[in-house]
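Enquirer: The residues making up each chain are set out below.
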Amino acid sequence: MAEFFTHALSLVSSPSVLLLITIGVLFGIIGGSIPGFTVTMAILVVFPFTFAMDPVSGVSIMIGVFVGGYSGGLVSGVMLGIPGTPSSITTVYDGYPMALKGEPGRALGIGVLASFIGTVISVAVLVLFGPLLAKFSMNFRPWEISTLILFALTLVAGLSNGRLLKGMLAAALGLLITTVGYDRNSNIRFDFDLPTLSSGFEILPVMIGIFAFSQLMENIEKLGDKDSAHKNVSMNVTIPYAKIVKDIMGQKINTLRSSLIGSLVGALPGTGGTVANFISYDQAKKFSRHPEKFGTGIPNGIIASEASNSAVAGGSFVPTLALGIPGDLPMAIMMGVLILHGITPGPLMFEQNPVLVGAIYASLLIGAIVMVLCQLFLVRWFARIALIPQQVLVPVVLMLCAIGAYALNNNLFDIWVLFGFGIIGYLLWKADVPLTPLILGVVLGNNLEQQLFRALELDGSWLTFLTRPLSATFIVLSVLSVILALRQNKKINMQRTDDGGSSPLHRDSTPDHKP
Amino acid sequence: MKHNKIISIIFSSTIAASASAFSLSAAADTYPEQDIRMVIPYGAGGPTDIIFRQIAREAEKELGVSIIPVNMSGAGATLGSRNVKDAEPDGYTILGGHDNIALSYIAGMVDYSYDAFAPVARVTQTFNMPTTYPAHPVMDASEIPQYIEDHPGEVKFSMIPTSTDHFFWMQMFDAMGIDVADVKLISYPDTTEQMSALMAEEIDFTITNAACCSSFYADGTFRPLGVAHSERLSGEALQDIKTFQEMGFDMESATSRGIFAPTGTPQERIDILADAFETALQNADLKEKLITELGSEPSFLAGQEYQDFLQENQHSLEKVAENIAF
Amino acid sequence: MTLITKDRALAVAMLILCGIFYAESGNIRPPTTWQTYGSAMFPRLLLGVIAVLSILILIRSVLEKRDETQKLTWLSAYQWTKNNYKVLLLFTLFGIYAAALPFAGYLISTIVFLACAIGLLLGLDSRRKSLLTITVSLTAGLAIYVVFQFGLNIWLP
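Residue numbers (the working numbering), protein chains in the order written: chain R, 71 to 585; chain V, 17 to 342; chain S, 410 to 566.
Hints are not guaranteed to be accurate.
With a straight-line cut-off of 16 Å between C-alpha atoms, the simulated EDC-like cross-links for lysine to aspartate or glutamate are [as the list claims (entries may be wrong)]:
1) R:205 / V:217
2) S:491 / R:527
3) V:172 / R:527
4) V:172 / R:529
5) V:200 / R:529
6) S:415 / R:502
7) R:560 / S:473
8) S:495 / R:288
9) V:305 / V:131
One side only, chain S facing chain R, incomplete, derived with CB under 10 Å [as the list claims (entries may be wrong)]:
10) 428
11) 430
12) 448
13) 449
14) 462
15) 466
16) 487
17) 492
18) 507
19) 513
20) 517
21) 529
22) 534
23) 545
24) 551
The hints are simulated quantities; they were obtained by calculation from the structure and are not laboratory data.
A virtual CB, placed ideally from N, CA and C, is assigned to each residue, including glycine.
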């Protein structure tokens, strides 16, 4: 096995492949950092170019895009407050405030380093525990997946920062949004007789619409706000390398834990990597000695989010390689690349194409290294975005979101979806409704419904959820999570009333894009 | 909103409007002059996508222009088919579709079927097979009726609602004399989920084909139980699979993939396209790939023959549908 | 006279939404032989949850004093609009932009939109600002055009 790996390493290290990986990474980073473009689109764009390449090159460039893309989502999140991909949502919670406090370079740097470590750890998990994990994941059937999603949704309660009812409302609303369109039984729902609604709403325009518009409009509002105009924060657009390394070193356990969470969640079928950053952030907060600092711009939050979402990369290869079943869309496309070259992923691949498997591992590692190198160079420029005045930035970002939404499906309707949800997001934000639970609902809704009802179809009894050990564990975790959140909620609200006369619900311009 | 709806990507180096203006003024005998858009109403990387892309790459050589695949998945493949149906009939937009066109019509999802298109050619036929996991007591399809009798109401069949495999099961139950009330039909959104469900032994039977699963047959992860075709399939892993006819069931079922153009496309252009695909399918490498890796028989059919085939196809599907409550 | 506050407005809006959706859910096909649970069950479940939560929010806002500071009156709405008219205009501009795209095509729509939006926000009171507006609009518009159309082969409207 080792010789295959070294052979693969040498293949991947050939100049042409390295060049391809670099192109892939660059493309992924830039794609991921444009709000509305996302990793998935980047992979889709590169896909056809791989036809003409040999398998190793084709896979390498795709992996490069993959690694770069997940890292790129960080940029938009930190600089603009708009998550570049759903898996970077929690990065915004601490990344954006840190940037606002005048340290965008530091935020970006921490994110990049955390992403790198996350990827590397996940490759280690993949190589060492891949087949084992795959076998374990076969125990993860609809009951487990539904309860895991339920658990993720209860995290919402913890993320609502004292507005539990509204948080749950937002989550339910998010779930409702996913019901528009054809459902699992091929019945149309809520189309109000409009054919454009028959395919439902694409997640990305919805997510960007809800987050971007409210964030951007808030920026505009702040411009007119006399108070914040005087807050002249000196922007430190340099990259404080020493500080970043210190930040990470101080968070070793956090980094490790988050990476493991990302790898595991990525390896599980049906959940998708998006959930990883929520669970990881929540765990980091719960295990931290200063949970109240989360959301104000501390390294812990960024590390938790970025390490886990990059670790998903390695994790999602587990079912793909070990079982031949792609864990999510980018994986499905990766498999398409392989199939097109006559290679069928699956258990046989380890026997028939060990070199290719080695190449995948190698590409992931090299991709991660290349990513860090590229980011080192690019981040300087990314950080300067902070210097662009909002008046110019906002319209341009709006335009990018619109075009990104359109390019997704070549569908003008998606721009209207963006617009519509932009308005809804703005109104909800004005009404003090936390937006994150909404997005969580949107991301998970489809899956939850499918898995829940499939579980019931397979075994009509609701008790099965409790009799299966894993499923029961998640239910218990969910209940605990809600109780903890209720207690936290009470504490926060009591603190608020203790704070005296100033209207507790009337907050100053702390953007509600954090918990 | 569906997660199984995979995001699409457009490669188009022409703007459709100007393309149509162009083509209307262009003389018919210089067709094709620009790249042709082939809409694939399924996700990138899936079996239909791969098959059509492979064939298109070969056919391009005949036509002298590029055939650009455009993935437009959604609403059960109707998003893509609707797009082509309403496109300019200038021969620059074609659809890579299959029986699903008729199935969506029969299921009431759309109000059009094959007749809304000008069929160009059938390219492949992929044969579907009931499959199970290795530990299962059933060794081939002939044992299924008995197994159901021994376990009434418990046997689980997986399918994608209103899709080709859903219809396959109904046809099979009909041919085997099985009552739908005696079995459980569990719905899944796509083949991948069904495969992982089968691996986890969550369901008893699912439909697979060699396009997705030939390596799984080879290493024993899945056991194909029979093929609904008049003769056995070729290819090492596939030739040992008995046909339904051998087992005493009268049933033929295949996914017939073909190229469609919008109605009104000039016949000369359709013929040019058909010829290109015919030549493409004669390519030895392509044929080899289709048969051994994608489990599909290249089976070219064009013109009136294809029209007749489609009519028959829809007719027999409608007959099956009488037994399915939609 | 009950005052309208943010929370109450939210709750009422949600309840109306539930009503509309529930009515529409009547159009969903009832379950057939191979569907154990119908397609309408999940959405109705959600609508129920939303309705209950909305009512709870409504009750809480009526009972608790702390919400009083949030009252919306015509006056405060008017004031807010005066202060934030830019936001509203920006939304409208975007809507027009989206509508214009299929007709005017990407290049023109984008450049016009950018020019209007940036101009609106900056305030075109100086030549420098006007120049900046136009430059940025043209550059950004063209840059994206080039990147998408030629670099990525993605077709823009």
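Enquirer: Each hint should be assessed against the structure and marked as holding or not.
Expert: Here is how each hint holds up against the structure:
1. R:205 / V:217: The hint holds at about 13 Å.
2. S:491 / R:527: violated, 56 Å
3. V:172 / R:527: Roughly 10 Å between the alpha carbons, so the hint for residue 172 (chain V) and residue 527 (chain R) holds.
4. V:172 / R:529: Roughly 10 Å between the alpha carbons, so the hint for residue 172 (chain V) and residue 529 (chain R) holds.
5. V:200 / R:529: Holds, at roughly 10 Å.
6. S:415 / R:502: holds, 8 Å
7. R:560 / S:473: With a Cα-Cα distance of about 15 Å, the restraint between residue 560 (chain R) and residue 473 (chain S) holds, given a limit of 16 Å.
8. S:495 / R:288: holds, 11 Å
9. V:305 / V:131: Violated - the C-alpha atoms of residue 131 (chain V) and residue 305 (chain V) are around 31 Å apart, more than 16 Å.
10. 428: Residue 428 (chain S) check fails; min Cβ-Cβ to chain R is 13 Å, beyond 10 Å.
11. 430: holds, 6 Å
12. 448: holds, 4 Å
13. 449: holds, 7 Å
14. 462: holds, 4 Å
15. 466: At 5 Å from the nearest chain R Cβ, residue 466 (chain S) passes the 10 Å test, so the hint holds.
16. 487: violated, 16 Å
17. 492: Holds: closest Cβ of chain R sits about 6 Å from residue 492 (chain S), inside 10 Å.
18. 507: At about 5 Å, which falls below the 10 Å cut-off, the nearest Cβ of chain R leaves the hint on residue 507 (chain S) intact, so it holds.
19. 513: Residue 513 (chain S) check fails; min Cβ-Cβ to chain R is 13 Å, beyond 10 Å.
20. 517: The hint is violated - residue 517 (chain S) has no Cβ within 10 Å of chain R, the shortest such distance being about 13 Å.
21. 529: holds, 8 Å
22. 534: violated, 13 Å
23. 545: Holds: closest Cβ of chain R sits about 5 Å from residue 545 (chain S), inside 10 Å.
24. 551: violated, 12 Å
The earlier numbered hints that this structure contradicts are 2, 9, 10, 16, 19, 20, 22, 24.
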